[in-house]
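**Student:** Sequence:
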Amino acid sequence: MINRTAGYTLVETVIIVGLVAMLFLALFTLFVTASRIFSHEQRAAGAAYEARTTIREIQIMARAAHSVVDSVVINTTTYTTDMNSTLVLALPAINTLYDVIPSAYDHVVFSLSGSELTKIVSPHAASARAPIDKTLSKLVADLTFAYDSPTPSDARSIDVTIITEASTQLGTKSYTLVGRAHMRN
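Numbered by our numbering, the letters in the sequence shown go through residues 1 to 185 in order.
Think of the hints as simulated: they come from the structure by calculation, not from any bench.
There's no promise every hint is true.
Said to hold, decoys possible - No farther apart than 35 Å at their CA atoms in a straight line, the calculated lysine-lysine pairs in the DSBU-like style are these:
(1) 173 - 119
(2) 119 - 134
(3) 119 - 138
Claimed, not checked - Here are the simulated distance ranges between beta carbons:
(4) 66 - 167: 33 to 41 Å
(5) 97 - 156: 21 to 29 Å
(6) 12 - 174: 53 to 61 Å
(7) 138 - 178: 14 to 22 Å
(8) 37 - 13: 32 to 40 Å
(9) 42 - 18: 31 to 39 Å
(10) 49 - 28: 26 to 34 Å
(11) 83 - 184: 21 to 29 Å
(12) 130 - 27: 49 to 57 Å
(13) 29 - 78: 53 to 61 Å
(14) 172 - 12: 43 to 51 Å
(15) 29 - 159: 42 to 50 Å
(16) 28 - 83: 49 to 57 Å
(17) 168 - 22: 25 to 33 Å
Computed from a predicted model, the values in this text were never measured in an experiment.
Backbone N, C-alpha and C define an ideal beta-carbon position, used for all residues, glycine too.
Let the hints inform the model, and build the full structure from the sequences given.
**Tutor:** As structure tokens, this is what we get:
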């Protein structure tokens, strides 16, 4: 009679190690897949956020604007209002007490170059408004401006359509937002 001691045979050990390895592989695959999905959704949420903040920024500036300007020269670069990539607004210049300076205007430019949308504020020499050159988004796929007048300089409202796109390993996610900006001045 053979005296058996407690323990596992070699075959049982190989089977257990194989099952544990498959379990760890399944958990690792689940972790990697969840991480990719999270990254994809986070980039998509970032694209949506950038579209919303861009529309909001244009609405705020348009609300304070006196008019849409056909073109303006800022630091030797000419920006011309068009339907697809550039919007130039003239805002009444203000002093340090936030009083309007008569016949003086600050210019705000929203300009799309490639996929990068930039906001440029060029204040009048007497204005208290600070100069700004800031990137609003690097994910813009398309930007369109539509005016309530055939001539943009006569417009009182601007319809803005922005499409942002975020690319990840899982593909490209796009977000389209349409907003209207009214000029009150």
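**Student:** Name the hints, by number, that the structure is in violation of.
**Tutor:** Checked against the structure, no hint fails, so every one of them is satisfied.
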